[in-house]
Amino acid sequence: MSGLKAAYFNELYKLSKKKKIMVATILSLASVAVAGGIVAVVDNFMGIKVTGSATFPILVLSVLSYTLIPLFTAFICIDMFSGEISDQTIKLTLTRPVSRYKIYMSKVMAAASFILGNLLFVLICSLIVSYITDSISVSIFKIILAYAASFLPLLVFSLFVILISNLVRSSTLSFLISVITYLVFITIGTIFTDYQSFLFTSMFDWYTLFLGSYINFQKIFRVLLILAGCGTMLFVTGYYLFDKKDI
Amino acid sequence: MDKAIVIENLTKRYKNKRGIADINIEVNKGEIFGFLGPNGAGKTTAMKIMTGLMSPDTGDVRINGYSVINDYEHAMRNVGCIIESVTPFPYLTAYENLKLCGRFYNIMDSRIDDCLENTGILKYKNEKIKNFSLGMKQRLGIAMAMLSNPSILILDEPLNGLDVEGMVEMRNLILRMSAETGTTFFISSHLIHDVELTCNKIGILYNGELISVNTTENILQNYSSLENFYLSEVDINVRS
Chain A
52 MSGLKAAYFN ELYKLSKKKK IMVATILSLA SVAVAGGIVA VVDNFMGIKV TGSATFPILV
112 LSVLSYTLIP LFTAFICIDM FSGEISDQTI KLTLTRPVSR YKIYMSKVMA AASFILGNLL
172 FVLICSLIVS YITDSISVSI FKIILAYAAS FLPLLVFSLF VILISNLVRS STLSFLISVI
232 TYLVFITIGT IFTDYQSFLF TSMFDWYTLF LGSYINFQKI FRVLLILAGC GTMLFVTGYY
292 LFDKKDI
Chain B
371 MDKAIVIENL TKRYKNKRGI ADINIEVNKG EIFGFLGPNG AGKTTAMKIM TGLMSPDTGD
431 VRINGYSVIN DYEHAMRNVG CIIESVTPFP YLTAYENLKL CGRFYNIMDS RIDDCLENTG
491 ILKYKNEKIK NFSLGMKQRL GIAMAMLSNP SILILDEPLN GLDVEGMVEM RNLILRMSAE
551 TGTTFFISSH LIHDVELTCN KIGILYNGEL ISVNTTENIL QNYSSLENFY LSEVDINVRS
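In the order they appear, the protein sequences are chains A and B. Under my numbering, think of the first position of the first sequence as 52, with each following residue one higher. Under my numbering, think of the first position of the second sequence as 371, with each following residue one higher.
In short, the hints are calculated from the structure, not lab data. C-beta: ideal position from N, C-alpha, C; glycine also. Heads up, a few of these hints could be off.
[Said to hold, decoys possible] Beyond 12 Å from chain A on every Cβ pair, some chain B residues (computed):
id: 1; residue: G435
id: 2; residue: E454
id: 3; residue: E466
id: 4; residue: L492
id: 5; residue: L543
id: 6; residue: N598
[Said to hold, decoys possible] Computed footprint of chain B on chain A, listed as stretches where at least three residues anywhere in the stretch have a Cβ under 8 Å from a Cβ of chain B:
id: 7; stretch: 113–122
id: 8; stretch: 147–159
[What the hints assert, rightly or not] The calculated lysine-lysine pairs, modelled on DSS-like cross-linking and capped at a C-alpha distance of 27 Å, are:
id: 9; chain 1: A; residue 1: K193; chain 2: A; residue 2: K270
id: 10; chain 1: B; residue 1: K498; chain 2: A; residue 2: K68
id: 11; chain 1: B; residue 1: K498; chain 2: A; residue 2: K295
id: 12; chain 1: B; residue 1: K469; chain 2: B; residue 2: K498
id: 13; chain 1: A; residue 1: K71; chain 2: B; residue 2: K385
id: 14; chain 1: A; residue 1: K69; chain 2: B; residue 2: K500
id: 15; chain 1: A; residue 1: K56; chain 2: A; residue 2: K70
id: 16; chain 1: A; residue 1: K70; chain 2: B; residue 2: K385
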């Protein structure tokens, strides 16, 4: 366990030193601020109610969970695998007394931590904007639950990007393949709705299942199982490729 | 004598048919083993397999009795290495890079300073690696390799990029560590004169095959220099 802990802390430390984290933070903050400004202007000066104060964080989540958060998650995952493999810096970690499984696991944990941190940051920012623009009257618990729920599909997406970045050595190519596949999945999910349940990208908004007055536990359980299945397959395949990789 | 490194029937073939074939080497504890061979002979391939960066087609490597393939964590517990080139994280400082390595062994900051001091880069401790020269990176690589006080050091071209002064310092450091702490070294180098002055056992790899293993003492009894021995062994194999 000490090897896993050391590898995980190292991954977090490396993440904290990357400029991408700063850019992700600034862009997340800017997105929330701009969205808050637009909502306030439209509400106060145009007389159109875009969203209630309680649902502003959900509005932000619905936009960022499809755009900024997956984008930076992809950047981070590709940096941790393709990036380190192509510039050979991964040798520094691989030649330590720690198994490849633990190294792989620590990187996945670091990606998960990044997603959680990003979601938490967006949640806090959007709640602050909600408080500034108006007072919150509806359950914050449901908002927190929605943010927590959106972690799972984003984690599955990160495992997908990790799989791609273990298939391809070039960071640029990994990024291109990930983005194109993501867009194709989203398009297929939109056009061919029958196939939606096979695509994890169509579950990015599954948090809406928790928001209504009636909660369909059966559907939640089904989606949860699909996400867990996708996640497990992607995790195992990604690990297999990482373990067999000659550096 | 206790074996520090045992390489058994190690084979790895690339798609271009190059690689290594059926290599067997035993390195005793405390020995300084020099691994010689022309470019493309397979030295780095063998060393990559020894450190788990590559998996062999067949064969195994045992370090301190532990298989690198089946028990990697135990095998690498007392091993430091430089393989092919030193590639620290460029956006981190020398200290931060060593701190990352040290976290696997619970290394104190004072030990990091010791290693930086021994390799002559203590004054660059807080400089980012992207500003380092090749020689400075090489010194940092050596500092990283010796950070955990390993009993075995596997060094692939450790003198790459070093100036003459740096080469002499490294040679003395290797000899001092071997004498004082009984550290075992497995070194590949093109600098045959340095290998002659440093190593007490020599292995020659040619076209992926180990063509000779002997002690430096024995070699120098029959040849005027290691260079002559090396050229003669290679010549014999080119003809055959």
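Hints, verified against the model:
Non-interface call for G435 (chain B) relative to chain A: holds, since the shortest CB-CB distance, roughly 15 Å, exceeds 12 Å. Annotated as non-interface, E454 (chain B) brings its C-beta within 12 Å of a C-beta of chain A; the closest such distance is 8 Å. With a closest Cβ-Cβ approach of about 7 Å to chain A, E466 (chain B) is found to fall inside the 12 Å limit, against its non-interface label. At the 12 Å boundary, the C-beta of L492 (chain B) stays outside the reach of chain A, the nearest C-beta of that chain being 20 Å off.
For L543 (chain B), the requirement that its beta carbon stay farther than 12 Å from each beta carbon of chain A is met, with the minimum near 20 Å. Interface exclusion of N598 (chain B) from chain A stands, the closest Cβ pair being 35 Å apart, more than 12 Å. Counting residues of the stretch 113–122 of chain A whose beta carbon lies closer than 8 Å to any beta carbon of chain B gives 0, which falls below the threshold of three, so the coverage claim is violated. For the stretch 147–159 of chain A, the stated coverage by chain B holds: 5 residues have a C-beta nearer than 8 Å to a C-beta of that chain, and at least 3 were required.
This hinted pair checks out: K193 (chain A) and K270 (chain A) have alpha carbons roughly 17 Å apart, not beyond 27 Å. A threshold of 27 Å between alpha carbons decides the hint, and for K498 (chain B) with K68 (chain A) the separation of about 12 Å falls inside it, so the pair holds. Simply put, K498 (chain B) and K295 (chain A) have alpha-carbon atoms about 32 Å apart, too far for the 27 Å limit, and the pair is violated. A C-alpha spacing of about 14 Å is found between K469 (chain B) and K498 (chain B), which places the hinted pair at or below 27 Å, so the restraint holds.
Between the alpha carbons of K71 (chain A) and K385 (chain B) the distance comes to roughly 38 Å, so the proposed pair goes past 27 Å and is violated. A distance of roughly 14 Å separates the Cα atoms of K69 (chain A) and K500 (chain B); the hinted pair therefore holds under the 27 Å criterion. The suggested pairing of K56 (chain A) with K70 (chain A) holds, with an alpha-carbon distance near 24 Å, which does not exceed 27 Å. Straight-line distance between C-alpha atoms of K70 (chain A) and K385 (chain B) comes to about 39 Å, which puts the hinted pair past the 27 Å bound.
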